[in-house]
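With chain A fixed as given, assemble chain B onto it according to the hints.
Number of protein chains: 2
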Amino acid sequence: MRSGNILVAQGGGPTSVVNCSLVGVVEEAKRSGRKKVNGIIGAVHGIDGIINEQLIDLRKEPSVTLKGIHRKPGAALGSCRRKMAEDDYGRIIEVFRKYDVRYFLYIGGNGSMHTAHTLDRLAKTLSYGLTVVGIPKTIDNDLAHTDHCPGFGSAARYYASVTREIGLDVASLPPPISVIETLGRNTGWLAAASALARDKEDDAPNLIYCPERVFDLETFLSDVKKIYDRLGRAVVVVSEGLKDESGLYLGGNKNKASRDGFGRDLPGGAASFLAEEISSRLHIRARSEKPGLAARTSIEHVSKVDQREAYLAGQTAARYALNGESGVMMTLERKPGKKYHCAIGAVRLEEVAIAEKMLPKNFINSRGNDVTNEFIDYCRPLIGDSVRSFSSLTSRKFTISKSDV
Amino acid sequence: MRSGNILVAQGGGPTSVVNCSLVGVVEEAKRSGRKKVNGIIGAVHGIDGIINEQLIDLRKEPSVTLKGIHRKPGAALGSCRRKMAEDDYGRIIEVFRKYDVRYFLYIGGNGSMHTAHTLDRLAKTLSYGLTVVGIPKTIDNDLAHTDHCPGFGSAARYYASVTREIGLDVASLPPPISVIETLGRNTGWLAAASALARDKEDDAPNLIYCPERVFDLETFLSDVKKIYDRLGRAVVVVSEGLKDESGLYLGGNKNKASRDGFGRDLPGGAASFLAEEISSRLHIRARSEKPGLAARTSIEHVSKVDQREAYLAGQTAARYALNGESGVMMTLERKPGKKYHCAIGAVRLEEVAIAEKMLPKNFINSRGNDVTNEFIDYCRPLIGDSVRSFSSLTSRKFTISKSDV
Numbered sequence: 001m002r003s004g005n006i007l008v009a010q011g012g013g014p015t016s017v018v019n020c021s022l023v024g025v026v027e028e029a030k031r032s033g034r035k036k037v038n039g040i041i042g043a044v045h046g047i048d049g050i051i052n053e054q055l056i057d058l059r060k061e062p063s064v065t066l067k068g069i070h071r072k073p074g075a076a077l078g079s080c081r082r083k084m085a086e087d088d089y090g091r092i093i094e095v096f097r098k099y100d101v102r103y104f105l106y107i108g109g110n111g112s113m114h115t116a117h118t119l120d121r122l123a124k125t126l127s128y129g130l131t132v133v134g135i136p137k138t139i140d141n142d143l144a145h146t147d148h149c150p151g152f153g154s155a156a157r158y159y160a161s162v163t164r165e166i167g168l169d170v171a172s173l174p175p176p177i178s179v180i181e182t183l184g185r186n187t188g189w190l191a192a193a194s195a196l197a198r199d200k201e202d203d204a205p206n207l208i209y210c211p212e213r214v215f216d217l218e219t220f221l222s223d224v225k226k227i228y229d230r231l232g233r234a235v236v237v238v239s240e241g242l243k244d245e246s247g248l249y250l251g252g253n254k255n256k257a258s259r260d261g262f263g264r265d266l267p268g269g270a271a272s273f274l275a276e277e278i279s280s281r282l283h284i285r286a287r288s289e290k291p292g293l294a295a296r297t298s299i300e301h302v303s304k305v306d307q308r309e310a311y312l313a314g315q316t317a318a319r320y321a322l323n324g325e326s327g328v329m330m331t332l333e334r335k336p337g338k339k340y341h342c343a344i345g346a347v348r349l350e351e352v353a354i355a356e357k358m359l360p361k362n363f364i365n366s367r368g369n370d371v372t373n374e375f376i377d378y379c380r381p382l383i384g385d386s387v388r389s390f391s392s393l394t395s396r397k398f399t400i401s402k403s404d405v
Numbered sequence: 001m002r003s004g005n006i007l008v009a010q011g012g013g014p015t016s017v018v019n020c021s022l023v024g025v026v027e028e029a030k031r032s033g034r035k036k037v038n039g040i041i042g043a044v045h046g047i048d049g050i051i052n053e054q055l056i057d058l059r060k061e062p063s064v065t066l067k068g069i070h071r072k073p074g075a076a077l078g079s080c081r082r083k084m085a086e087d088d089y090g091r092i093i094e095v096f097r098k099y100d101v102r103y104f105l106y107i108g109g110n111g112s113m114h115t116a117h118t119l120d121r122l123a124k125t126l127s128y129g130l131t132v133v134g135i136p137k138t139i140d141n142d143l144a145h146t147d148h149c150p151g152f153g154s155a156a157r158y159y160a161s162v163t164r165e166i167g168l169d170v171a172s173l174p175p176p177i178s179v180i181e182t183l184g185r186n187t188g189w190l191a192a193a194s195a196l197a198r199d200k201e202d203d204a205p206n207l208i209y210c211p212e213r214v215f216d217l218e219t220f221l222s223d224v225k226k227i228y229d230r231l232g233r234a235v236v237v238v239s240e241g242l243k244d245e246s247g248l249y250l251g252g253n254k255n256k257a258s259r260d261g262f263g264r265d266l267p268g269g270a271a272s273f274l275a276e277e278i279s280s281r282l283h284i285r286a287r288s289e290k291p292g293l294a295a296r297t298s299i300e301h302v303s304k305v306d307q308r309e310a311y312l313a314g315q316t317a318a319r320y321a322l323n324g325e326s327g328v329m330m331t332l333e334r335k336p337g338k339k340y341h342c343a344i345g346a347v348r349l350e351e352v353a354i355a356e357k358m359l360p361k362n363f364i365n366s367r368g369n370d371v372t373n374e375f376i377d378y379c380r381p382l383i384g385d386s387v388r389s390f391s392s393l394t395s396r397k398f399t400i401s402k403s404d405v
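Same order as they appear, the protein sequences are chains A and B. Note that our numbering numbers the first sequence so that position 255 is 255, with each residue one more than the last. Note that our numbering numbers the second sequence so that position 327 is 327, with each residue one more than the last.
So that you can see chain A by itself, here it is in the shape it has in the complex:
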């Protein structure tokens, strides 16, 4: 394998551990020595930075800076959501040639993996010696062929913590119903993760709705009513990806300007819509909470397991690349056994480029308003330390004794 420069880029929505993967790549590339890799280049704002030659020298970053960005929200290099044009790929190879980039590591979701795959094929067609390795990153946990995705565990921990805290608030000041909206455009992984807030039955969340099941408003209202009648309160978690019968996001913004960079409708508004339905149809006070971007930026709620795995995925990707193994994405492979352990594996890029992993059937209950224990077993180790638990008053009844009166 000839020597050359390595280039790393971040694509798509940030996660709270996306910089761990970046640091994993850079530290491993440094460790490998100058014989294997010379320049360590960071592209500013992903593919945009390659095309515009906005490239920074990551070898010159002090170790302490790398340590620091390990725990930083947002994508430290800057990210992008570029709609790739035909010309873009050729231009990228041109820039790679100019800067002698022989290793391209792309941290991203399935859109980014598609770009990586296309580049890998084009380089081969052009006989340009390039090794392309993908590093999975998405809070949505929707990449195929990996047990889970770096970024998911921390966002899962966020929703579990926040749902527990909101549950305590709602229980202490009835009657309101709180509808919490999670991120997750098409899949219910994050809504499902809120179930880890529970210590015992009837703890929040009382109901969970995922876009994997057809959403029926009447069933929903009847579910909410039942919980409310029994407990005098309810905490309901809904995915922003819930769609109505016509396939439109519940309460979603219908105007064109709010479509994303790929022209897709943007979700957001399900909780607010459902809270209004509860208020007007059931005549029960309901409010909605939509932490939005707070869920993927919260350093306070980071999962240590997620942090470690994101780092390892970056580190191992650099090793794969420097060994010349091109056209793969790193995966997390859960090993059998009581104690949780994931090894880093690899899958061909073309197999993840388009696929979208939905919550499997056995993770959602038959009524479609909660998760199963199988999901809990799957998800619990990914959030690292358990969600913070809180004491309760023992609340013994006060009785009047002679000495009191």
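It should be emphasised that the hints constitute simulated quantities derived from the structure, not laboratory data. Any given hint could be a false lead.
If chains are identical, the list can't say which one is meant, so a pair holds when it fits in one copy or spans any two.
List of simulated lysine to any residue pairs, SDA-like, C-alpha gap at most 25 angstroms [claimed, not checked]:
| no. | residue 1 | residue 2 |
| --- | --- | --- |
| 1 | Lys35 | Gly337 |
| 2 | Lys304 | Ser386 |
| 3 | Lys339 | Ser401 |
| 4 | Lys200 | Arg71 |
| 5 | Lys304 | Ser389 |
| 6 | Lys357 | Phe215 |
| 7 | Lys67 | Lys397 |
What follows is chain B alone, placed relative to chain A:
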């Protein structure tokens, strides 16, 4: 002063330090010895618990439990938002008589202080020996005659932290605009507090809107456009209390079922409404975040200063009560000098019962889209430890050297 029992209750919306005040009361009452106070009673769900005789024995709570609930979201005793009926007051005095309650400590906002004041007067009219002391509690910071309110500092810290984190996300993946909605029904204290997220100019938040100023949509859109044109992004913080010309909450829920226990319209929806306006009118992608209850329940973001002051307010209130000083609410009095220090003072209940403290004029800039340095100086000490700061890459340009090619 004759001996008797002490009763403590929590009213209105919880804060993340409302239980510190409760623990302050209970520990001080215990410390004072049985000669002064015998039973230490907690009312379950505030006034409701008194009227229904749902009373618990707080003397029997183990010290370790009290330590535990010190850091617990929600009101540990349970709270209420009762619309007081004429009969209720008489019934309360009846229960107090039955349980020999001679000291009533009420932790709450201005509604609760009104209740406390009415009870104090009624007890005097009926010649029932009762000492009533109020302990301020509200994230909204809108109580008069106190420098600030326990509960505010922690919620302020929450918004500053979350705004900083979201700011990093938005800066790393342009172009979106994020509109963050804060709690605060009629006052802008919490929206204003998000300004503490900034380390330097152009850090998030770029714009802040408070209900103290008349909201004008055209001015708002023009402000947003200016920021966006210059930076390619914007983080805008708006109070849920923003109202349109007709006095209705922006994007608020107009249906009757969603009014609160007092029949008041409920806000919530300003950020979502404004994000849609930005998208459709300016043709810039915008999204909204509305952490809602997460902001008043987050133990991760608690201000240590707020925690300490909430405890002290409870502790001092118990001392006042046991000294027979009735009809007052505890206040925080900021002392002059460079180093921040607040002493606990007192004000007559009737003076805070109805008043609502708005952001003073000198805390909002002339354009009405940001706070002033005077506000920053006022607010900074209240959040305790500074908001977490994050490293940045030094980002030196990568240049092609001979050895690279």
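For each hint, the structure was consulted:
| no. | hint | result |
| --- | --- | --- |
| 1 | Lys35 / Gly337 | neither (40 angstroms within a copy, 61 angstroms between copies) |
| 2 | Lys304 / Ser386 | both (11 angstroms within a copy, 23 angstroms between copies) |
| 3 | Lys339 / Ser401 | neither (53 angstroms within a copy, 49 angstroms between copies) |
| 4 | Lys200 / Arg71 | between (32 angstroms within a copy, 20 angstroms between copies) |
| 5 | Lys304 / Ser389 | both (17 angstroms within a copy, 19 angstroms between copies) |
| 6 | Lys357 / Phe215 | within (19 angstroms within a copy, 45 angstroms between copies) |
| 7 | Lys67 / Lys397 | between (53 angstroms within a copy, 20 angstroms between copies) |
The structure is inconsistent with the numbered hints 1 and 3, although it conforms to all the rest.
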